[in-house]
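K.L.:
So the chains spell out like this:
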Amino acid sequence: MEKTKVFVGLGSCGIAAGAQDVFNYLDEKIDTQVSELEVTSCVGMCYAEPVVEIERGGKRVRYGYVDKKFADEIIQSLEDGVFPDKNIITETDAGKAYLDRQVKIVLKNCGIINPESIDEYLKAGGYEAIKKAMHDYTPAEIIEIVKQSGLRGRGGAGFLTGQKWSFLAGAKGDKKFLVCNADEGDPGAFMDRSVLEGDPHKVIEGMLVASYATGAGEGVVYCRAEYPLAIKRLNKAIKDAEDRHFLGDNILGTDFSFHLHVKEGAGAFVCGEETALMASIEGKRGFPRLRPPFPAESGIQHSPTNINNVETYANISYIILNGADAYNKYSFKKSYGTKVFALAGKIKRGGLIEVPMGLTIGEIVEEIGGGTDSGRPVKAVQMGGPAGGCIPARMFDTPIDYDSINATGAIMGSGGLVVMDDKTCMVDVARYFLAFTQKESCGKCTFCRIGTKRMLEILTRITEGKGVPEDLDRLEELAHHVQKTSLCGLGQLAPNPVLTTLKYFREEYEAHIYDKKCPAGVCKPLITIRIISDNCTGCTACARVCPVHAISGEVKKPHTIDPDVCTRCGLCIETCNFNAIEVV
Amino acid sequence: MGLKTIDRAVRDEAKDIVREIGAEQEKVIPLLQEIQKRHSYLPEDLVEAVAQEIDVPVSDIYGVATFYSQFRFTPMGKHLIKVCKGTACHVQGADLLASALQEELGLDGEGTTDDMNFTLETVACLGCCSLAPVVMIDGKVYGKLTSAKVKKLIKGYSDGKN
Ligand SMILES: Cc1cc2nc3c(=O)[nH]c(=O)nc-3n(C[C@H](O)[C@H](O)[C@H](O)COP(=O)(O)O)c2cc1C
Ligand code: FES
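Residue numbers (my numbering), protein chains in the order written: chain A, 1313 to 1896; chain B, 48 to 209.
Simulated from the structure, these hints should not be mistaken for lab results. Hints may be right or wrong, so weigh each one.
Stated by the list, open to error - Pair ranges (Cβ atoms, derived):
#	chain 1	residue 1	chain 2	residue 2	range
1	A	L1564	B	D107	34 to 44 Å
2	B	D185	A	Y1826	26 to 36 Å
3	A	K1641	B	A70	27 to 37 Å
4	A	I1400	B	G186	29 to 39 Å
This one's a predicted model, so the numbers in the text were calculated from it and none came from an experiment. Where a beta carbon is used, it is the ideal one built from N, C-alpha and C, also for glycine.
Sequences and hints are given; from them, build the entire structure.
P.N.:
Right, dumping it as C-alpha cells:
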C-alpha cells in the first residue's frame, strides 16, 4: 500500500514558529507503517506557520497553524485514513486571495520538495535546463535567450542579465569567476534566504548555465552569516551535485567544468555592493571602489567576474526550459517575468510571494496581504530597504515595474516590502533608515560618512521635538550632496528614505517641528501616555509591570500615570486587556 | 609586538587553525571566523599567533576584523541574545523589546552581563520578518514577542530551563 506522506515546512521562519517541535512530535508518534514524514521548506504562507501538508492518492492538502493539539488530530486522521477537515489554508477565501494572483517560477519548488534531496529536485525536472543548454545551444545562443527573456538583475539595480553575461563571455582571460550575491543585507527582506533554504539546487543550476554561457570555471556564493540554515543546505546541495557530476570536472561526461563553493559574510551591509563584495571575498576590508573597471573586466583577483543575485540565477532554468517568450509573457512596460517579495510589517498575511510584473502595490497589500494586521488604515509601504523609499497609500495604483517604482522615488530593490499603518511615524522611519546607513557607511566618502551623520542628527532632533523650521531645507540640501558625492550605491541611495518621506509626508515632519507632536504616537518625547478612566477596571496589571512605578491607583478603581515619571516605554499598553491606555 | 611571548599551546592552536583553513590572503576572514567559532571571540594572543603563522601584519588582521560587525573582541556570555532591529521588527516594536531585555539583564545597550550569563547584541535582520518582532537566543529564533514574553524567556534561560 502506498504510504501517506506528511510534509512539514522547515524553513527558518517555520522553525521559529514552532515547526521543528511539530516535526519532532509527529516523528515520535506517527505510525511509519502507514505514513512517512518528509521535510520541506517555506511555502511562503508564513502568516499561517507552522504549515503541514498531507498527500495521499495524488491529493495534497495544506494545513496551517499546526500546534501539538492539531498534530494529535493529524495523527488520528492518518490512522483513520482520512484528511482532517479543519485548518486547511488553501481553499479558504483568505488562502485564495493570497495565492491566486501569484505566479511561481522562482519559488515553484519551495515548500514542495525536500531541499536536502537532490533526487527530489531531479524528479521535479531539476538539472534538465543545464542538459538542454549543453545539448541544444551554444554559449552564445544561451546569452541571446537570456537577453530575449528581458530578465533584469533582481539584486536591486535591475541591469539586463543577458547583457552582463555577454560582457563576461567577451572578456579576455583564462580564469573567470561567477559570484552569487546572497548577502541580502536589506533589513526586512528574506527572499534570498527562502530560495536558498527551499530550493538550493535551482540557484546552483542557474549558475551552471551562466558558467556554460560565459566560460567561468569557478563560482562563489557569498552568503550572509545570519543565514546558517541556508548555508548548511547550500553546502549539502553542492556536495550532492558534485557526487552526481553536475558540478566539478567533466560535468555530465563532457570537458565542461565548474567549481562552486560558499563564502560566509561577516556582517557588513556594504559588502552587498559588488566591488566591496569582491574585496571581502579576497579577504580584505569591504571597501567599494570606483567603476570602471567593471567586474567583467577586472574582478576577483583581477580576473573577469560576473555577479548576480540569488533570485536572478533562480530564474534561469525556467527560461532555458520554456524559452524567452514563455518568460516574458509576464511583462509590464520594460520589466519582464516575476518578482519575489517579502511581505512584512503591519500586514495581515505576511510571507513570501511571487507576482507577475504589472500587479499594483495596492493589489499586493490589500488583496494578497489582506491589509493591516491591526485593522487600521494602511499608510505606506517601504520598498527597497535603506536604499528605497516610502510609497503612500494614495499611490497604491503604482504598478510593479522598475520604471514606475523608480518614478515614485523608491526603488524596486531586492524585494523587501514593509507595510506601515497610521501608527507608524514616517519621521521615525526615516531616522531609522538613516541610522542604519550611517552605521553601515564604510567611511570612504566624506559625504556618506559625515553627511549621513549630520542628517541623522537633524532627524533625531526632530523626533525629540527639538527640530527647527530650517531643518527641512537643510535635510534636503544635505541629501542632495550625499547623493551626488558618494562613490557607491550605499551613499547615493541613502537619502531616499528621507527624500520620499519629505515628499509624501511633509506634514508629519511639520507636526513634529511646529506643533511638537508625533501624529502617529511613536516619538517618545512628543507623546503622553494616559489612562482612559472609563475603560480602566483597576485590575492593577499595568501598575505591576511599570518598570519606573509611574502608575498608581487603588484596586478596582481607575489608575493614573504620572507623566513626569513615565518613560513612555509602552509596557503598560501592551499589558492592558481593557484598551484603557492611550497615547496622546 | 614581536617581543610579546605567546604560549606554546596558543601557537599550536594557531598552526592547527591555519592548517585547517589555509594561509592565503583570501582566507583571512574564514580564519577569523574559525577563531571566533572556537572561542566565541577573538583572543588577542591567538589572533597574533595566526597573523605570524600566515605572515600578515597583525595590524592588517585587525583592520579586517574591526571592519566586520560579526567579530567580537571580548569574551561572550553563556547565552547569546540577538535582538532584531530590522525594518519589519522596528515597525512592530523592536525598540520596546530591546529595552525590556536591557532592563531584565541590567545592561545599558549591547554587552555582556557581569555574571557572564548573557551577551546582548543587535542584528539588522534575521530573515524571519513575518514573525516580527524577533529575537534569536543561542541560534534559536523566537517570534511574535512582547516584552512580557521575552522577559519570561530570559528567565527560562537563567534557570536553565530553556
Ligand atoms: C550598499 C549596497 C548593498 C547591496 N546589497 C545587495 C545584496 O544584499 N544583494 C544583492 O543581490 N545585491 C546587492 N546590491 C547590488 C549589487 O551591487 C549588484 O548590483 C547585484 O548583486 C547584481 O546582481 P543582479 O544584476 O543579479 O541584480 C547592493 C548594492 C549596494 C550599493
Ligand atoms: S526585520 Fe526582524 S527578522 Fe527581518
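K.L.:
Just tell me: holds or violated, for the beta carbon distance of B/D185 and A/Y1826 against 26 to 36 Å?
P.N.:
48 Å, violated
K.L.:
Could you tell me whether the CB distance from A/L1564 to B/D107 stays inside 34 to 44 Å?
P.N.:
43 Å, holds
K.L.:
So the hint says 27 to 37 Å: do the beta-carbon atoms of A/K1641 and B/A70 match that?
P.N.:
52 Å, violated
K.L.:
The hint says 29 to 39 Å between A/I1400 and B/G186; measuring C-beta to C-beta, is that right?
P.N.:
33 Å, holds
Violation of the numbered hints given earlier is confined to hints 2 and 3; the remaining hints are satisfied by the structure.
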